[in-house]
Amino acid sequence: MTLPEAIAGVLPIGGVAGEIVAAVIGAAIIGTIMLTNTAVAGPWAKRKITAAFTDRIAVNRVGPFGLLIIVADAVRLLSKELIVPEGVDRPAWDLAPMVLASSALLGFAVIPMGSIFGVNMQLADPETGLAFVFAIASVASLGLVMAGYASNNKYSFLGGLRAVAQNLAYEIPLVLTGLSVVIFAGTLQTSEIVAAQSETLVSLGGLAIPSWFAFVNPFAFVLFVLANLAEVGRNPFDIPEAPTEIVAGYQTEYSSVYFVLIYLGEFVHIFLGGAIIATIFLGGPAGPVLPGFIWFLIKIWAVFLFTQWARSAVPRVRIDQLIEIGWKGMLVLAFANLVLTAVIVGVIA
Amino acid sequence: MSLEEPRPPTESDVGVTAEGDLDYDELADLLGDHVVDREQHVNAEGFVIRPDEVEAVLSTLRDEAGFDHCSCVTAQEYQDRYESIYHLKKYDDPTQELSVVVPTPRDNPVSQSGAGVFDTAEWHEREAYDLVGVEYEDHPDLRRILLPETWQGHPLSLDYNQDQPQIVPLREHANPMEKRTKVPDDPDTMFVNIGPHHPATHGVLHVKTTLDGEQIADIDPDIGYLHRCEEQMCQQGTYRHQIMPYPDRWDYISAGLLNEWAYARAAEDLADIDVPEYAQVIRTMSAEFSRIAAHLLAVATFALDIYGDFTAIFMYGIRDREVIQNILEDLTGQRLMFNYFRLGGVAWDLPEPREEFFEQIRDFLDEWPERLEEYHNLLTSNELFQLRVVDTGVLPPEEAKSYGATGPVARGSGIDYDLRRDDPYGYYDELEWDVITDDGCDNFSRAVVRLKEMEQSARIIEQCVDLLEDWPEDEREIQSNVPRTLRPDPDKEIYRAVEGAKGELGIYIRSDGTDKPARFKIRSPCFCNLQTLPVMAEGEYVPDMIAALGSLDIVLGEVDR
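Chains as they are written, first to last, in my numbering: chain A, 398 to 746; chain B, 322 to 882.
Hints are computed from structural coordinates only; laboratory data are not their basis. One should not assume that every hint holds.
If you anchor each label on the Cβ, the simulated ranges turn out as follows [claimed, not checked]:
no.	chain 1	residue 1	chain 2	residue 2	range
1	A	Ile430	B	Glu677	53 to 63 angstroms
2	B	Asn647	A	Val472	29 to 39 angstroms
3	A	Leu737	B	Thr701	34 to 44 angstroms
4	A	Leu601	B	Glu677	51 to 61 angstroms
5	A	Ile426	B	Glu650	54 to 64 angstroms
6	B	Thr471	A	Lys725	47 to 57 angstroms
7	A	Asp486	B	Asp462	33 to 43 angstroms
Computed from a predicted model, the values in this text were never measured in an experiment. No residue lacks a Cβ here, since even glycine has one placed at the ideal position from N, Cα and C.
Kindly produce the complete structure, drawing on both the sequences and the hints.
See the structure below:
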């Protein structure tokens, strides 16, 4: 039973109207949870994590552990002037931040987030769930191109071009690697993929190792995590932004609310990347003792932490090197992985 | 320049005696009728030549006498003439110096350009034209370099009216892009202004860039945004006290003491001032601290360019630099603008209690190898880092010499040139240390050279501390006798250089019998090193150009002065 169905069950309204209201309430709940995560991640956690990597303390004055910086930053960012440069191509320029932010949020619709207090936190569970996630995550590329092209700025333009080149080079290996999991699980439905990972792989001295696909096929897992770094644009693949080269890439001309939306979109995108990794490789919300939903949050935060770690420690590669790694390395490996998986699954099953 | 053969070793150079000293008579014979007159400068002899024979004289001196380093071009105006001086040296032995003096009449200050012989002369002559007003014939691109194009007059010429308001009518520059920029005919290229406000230019540098896709088709560094008339200010200050604070403000990234030494050395040699040995040891030690701090920031910001703005390396660099700044603060009372050197010594002795101060330094030295190891782990051993910087931004040694590159930039191109060893001053020749070179010629070698030089600097500091600890208490003389008002003899000229953080930091002073210099010219290493950027960057990708710029380690305060 998905979250809207559960809500519809307790609502006094019945029929289609009830379903619609329940769906809206469910979406609002999930959306709020993810946005809260982002709000914690952006102004606070990211600073704290980077500070920990660089021997600093970071925000600690506003509120306990500096947590109220989230409020302060929100007020600060929203009260800034929205500068609309001359010659920008409206409405594409205005739409880009919204596309970026909303596409990432939409992806969470089909992610099984486990249950808490007996409620299953999943908005929808279509049979083509995984395909939907990949498709919706790719819409962000459209936002990048719109932002880069409509800004009427050469740095934005370069950033937009880089974003397209990068996404082309990495989306295909990403999807192909995801496909190998689909072959294992035999389904595109996200809840089924999670269910397929719940069996015990091996028992080591009483400790049951679940058959998470990260353990079943660690090679695909590593490949996917790397491609995901490029997908969300973090080091070593933060080339579309590359502040020391092209100022801020596609987001150079955005300020105030639009800037917040773009940043929000980026962070939600990282979390969405984490959610996909958790779902198809880390057993979704599975985990001992704690409720599934908490485990799900822990897993997406772990992926977020990984991206920040890469940011602090890994150099950015050059655009031509990235394309080379993508087309000559990752794509070949992804195909090899896919074929191998298909053969193994075909032989065993 | 790059096509010429490597020149033969020093022994076969014309004008060198068996002992390795310069024989100016033989050099004069070599030049024959070109030499109109000979002058005695404190550092070298000056050959006066005719303004239309510059190129012939310079190329003869370079090809046959081995003067392959055009260190600096000084221009100045006298009551009756203009004068350009080409300070020539040899990379193999910088103590072999020669000045080529080119006087031009006041009513027609036109002189032949030396840019055809030494590439570095191009920017030096542009500066001479900009500030003094000497014009150079056959110069490839003679336009203002430090001041805006609309500037009226030449500020260092004698009849310049400083009160004249500079009116810059915008209508003259209604479409500045069209006028200033060579817009390429090729429609496939795109023009981008990188800077003057850009995260990667390390200050207010403006790089006019023509891109072909992501590749650099053409770049032209545009400098002068941080020009603060440092030369003129020094000419208005007295030798004894008023000039010393200025050098701190040239290369302001912690290299202050090295800059102060440049002025101290030139002025002390000009006025025959001795420096007590004890003060020399303190100078050597504190200057090397400055060098480590400056190199740390160079490496840290280089990492920033390669890794992106959240790299841990930058903060690690700042953290370690903080330790050095604390030590220097205890010594000099200041963290950035030290003003610690005095003519004839230093301002005061080491802080009391001395044991505590030494312990602080020892603690730093004990931890230093571990810290350096960390930088090597994070930077030079990182394969992705190597992927980015090895074989990018290549600067061949011949080009480096022709552009007058010095310091870690030259040593990263395999040129074994370090004034601390080759033209010893201070206490360096009494100490055990090595000059680091690397034959890679790329961005990677320049970073490696800086990292290894920090190790050598720590060696120097350790030996200095050993010496200072055992120095007898009654011989701790920090300052020699210097007249309160210093008036060097009139018409003495000197060009002296020290090894600054970025390379050869030279100063030319001409005295006129008063207590202020008649001409004060700064040879900035960053200024010369920055000229090599087009060589390194053209044909490369944008990120490599940024990396090359980072590996040059320029400080705009020193480029623009």
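Here is how each hint holds up against the structure:
| no. | hint | in the structure |
| --- | --- | --- |
| 1 | Ile430/A / Glu677/B: 53 to 63 angstroms | 56 angstroms, holds |
| 2 | Asn647/B / Val472/A: 29 to 39 angstroms | 37 angstroms, holds |
| 3 | Leu737/A / Thr701/B: 34 to 44 angstroms | 37 angstroms, holds |
| 4 | Leu601/A / Glu677/B: 51 to 61 angstroms | 57 angstroms, holds |
| 5 | Ile426/A / Glu650/B: 54 to 64 angstroms | 56 angstroms, holds |
| 6 | Thr471/B / Lys725/A: 47 to 57 angstroms | 52 angstroms, holds |
| 7 | Asp486/A / Asp462/B: 33 to 43 angstroms | 38 angstroms, holds |
The structure fails none of the hints (numbered hints given earlier).
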